[in-house]
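Residue numbers for the sequence shown follow our numbering, beginning at 1 and rising by one.
What the hints contain is simulated information worked out from the structure, not anything from laboratory work.
If you're wondering where the values come from, they're calculated on a predicted model, not measured in any experiment.
Be aware that a few hints might be false.
[Claimed, not checked] Now the in silico label distances, taken between C-beta atoms and shown as ranges:
#: 1; residue 1: Gly64; residue 2: Glu97; range: 45 to 53 Å
#: 2; residue 1: Gly75; residue 2: Pro55; range: 49 to 57 Å
#: 3; residue 1: Thr52; residue 2: Gly75; range: 37 to 45 Å
#: 4; residue 1: Leu43; residue 2: Glu76; range: 54 to 62 Å
#: 5; residue 1: Asp88; residue 2: Ala111; range: 46 to 54 Å
#: 6; residue 1: Thr4; residue 2: Leu24; range: 49 to 57 Å
#: 7; residue 1: Glu76; residue 2: Glu97; range: 45 to 53 Å
#: 8; residue 1: Thr4; residue 2: Arg27; range: 57 to 65 Å
#: 9; residue 1: Arg79; residue 2: Ser40; range: 37 to 45 Å
#: 10; residue 1: Arg105; residue 2: Glu76; range: 51 to 59 Å
#: 11; residue 1: Arg93; residue 2: His62; range: 40 to 48 Å
[Claimed, not checked] Distance condition first, Cα-Cα at most 20 Å in a straight line; then the derived SDA-like pairs of lysine to any residue:
#: 12; residue 1: Lys82; residue 2: Ala98
#: 13; residue 1: Lys70; residue 2: Pro55
#: 14; residue 1: Lys70; residue 2: Lys82
#: 15; residue 1: Lys82; residue 2: Val100
#: 16; residue 1: Lys83; residue 2: Arg72
#: 17; residue 1: Lys113; residue 2: Glu97
#: 18; residue 1: Lys83; residue 2: Asn95
#: 19; residue 1: Lys70; residue 2: Val81
#: 20; residue 1: Lys82; residue 2: Arg93
#: 21; residue 1: Lys113; residue 2: Ala96
#: 22; residue 1: Lys83; residue 2: Asn102
#: 23; residue 1: Lys83; residue 2: Thr101
#: 24; residue 1: Lys70; residue 2: Glu60
#: 25; residue 1: Lys83; residue 2: Asp94
#: 26; residue 1: Lys113; residue 2: Thr101
#: 27; residue 1: Lys70; residue 2: Ala58
#: 28; residue 1: Lys83; residue 2: Glu67
#: 29; residue 1: Lys82; residue 2: Arg72
Ideal Cβ positions, reconstructed from N, Cα and C, are used throughout, including at glycine.
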Amino acid sequence: MGFTTGFLGGFTLTSSVLYLTVVLHQRNRLQQSLALRQSSLALGNIVEPQPTFVPPSARERHAGLAETAKDRWNGEVERFVKKAYEVDWSEVRDNAEAQVTNVWRRIVESANK
1 MGFTTGFLGG FTLTSSVLYL TVVLHQRNRL QQSLALRQSS LALGNIVEPQ
51 PTFVPPSARE RHAGLAETAK DRWNGEVERF VKKAYEVDWS EVRDNAEAQV
101 TNVWRRIVES ANK
């Protein structure tokens, strides 16, 4: 085994051991961190328990005048938008063109008389 082969083999072995040591240390720190968080949460719940969930009461609050007006306004806007989507705009265009053509024809006929 030559110098270069021995040097590269030693470097590879040392690097591998160093990498595995760092990874092991990092995983141990993560496990310890998780254990400390769980312990802290458990101790905190003993001293100050988490509030229990209280379902909302059966009594309902009525909306005020402003909220009622907003709801009506939003309803009107929704109806307008739905109507705008349901309209066949090519038919509207054709009808408008026909009306403009009729008006123009009447103007031309009245000018020729």
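Structure-based check of all given hints:
1. Gly64 <-> Glu97: 45 to 53 Å: About 49 Å separates the Cβ atoms of Gly64 and Glu97, which means 45 to 53 Å holds.
2. Gly75 <-> Pro55: 49 to 57 Å: Because 30 Å falls outside the window, the suggested range is violated.
3. Thr52 <-> Gly75: 37 to 45 Å: 39 Å, holds
4. Leu43 <-> Glu76: 54 to 62 Å: Taking Cβ atoms as reference, Leu43 and Glu76 lie about 57 Å apart, which means the hint holds.
5. Asp88 <-> Ala111: 46 to 54 Å: 34 Å, violated
6. Thr4 <-> Leu24: 49 to 57 Å: Given a distance of about 30 Å, which is not inside 49 to 57 Å, the answer is violated.
7. Glu76 <-> Glu97: 45 to 53 Å: 30 Å, violated
8. Thr4 <-> Arg27: 57 to 65 Å: 35 Å, violated
9. Arg79 <-> Ser40: 37 to 45 Å: 55 Å, violated
10. Arg105 <-> Glu76: 51 to 59 Å: 39 Å, violated
11. Arg93 <-> His62: 40 to 48 Å: 46 Å, holds
12. Lys82 <-> Ala98: 26 Å, violated
13. Lys70 <-> Pro55: It is violated: about 28 Å lies between the C-alpha atoms, which goes past 20 Å.
14. Lys70 <-> Lys82: It holds: about 18 Å lies between the C-alpha atoms, which stays within 20 Å.
15. Lys82 <-> Val100: At roughly 28 Å apart (the allowed maximum being 20 Å), Val100 and Lys82 break the hint.
16. Lys83 <-> Arg72: 17 Å, holds
17. Lys113 <-> Glu97: Between Lys113 and Glu97 the Cα gap is close to 24 Å, so the pair fails against 20 Å, i.e. violated.
18. Lys83 <-> Asn95: Answer holds: Lys83 to Asn95 is near 18 Å, not above 20 Å.
19. Lys70 <-> Val81: Since the Cα atoms of Lys70 and Val81 sit roughly 16 Å apart, the hinted pair holds (cutoff 20 Å).
20. Lys82 <-> Arg93: Roughly 19 Å between the alpha carbons, so the hint for Lys82 and Arg93 holds.
21. Lys113 <-> Ala96: Measuring from Cα to Cα gives roughly 26 Å; hence the hint is violated.
22. Lys83 <-> Asn102: Cα-Cα ~28 Å, so violated.
23. Lys83 <-> Thr101: 27 Å, violated
24. Lys70 <-> Glu60: 19 Å, holds
25. Lys83 <-> Asp94: 19 Å, holds
26. Lys113 <-> Thr101: 18 Å, holds
27. Lys70 <-> Ala58: 25 Å, violated
28. Lys83 <-> Glu67: Violated. Lys83 to Glu67 sits at ~24 Å, over the 20 Å cutoff.
29. Lys82 <-> Arg72: Since the Cα atoms of Lys82 and Arg72 sit roughly 15 Å apart, the hinted pair holds (cutoff 20 Å).
Violation of the numbered hints given earlier is confined to hints 2, 5, 6, 7, 8, 9, 10, 12, 13, 15, 17, 21, 22, 23, 27, 28; the remaining hints are satisfied by the structure.
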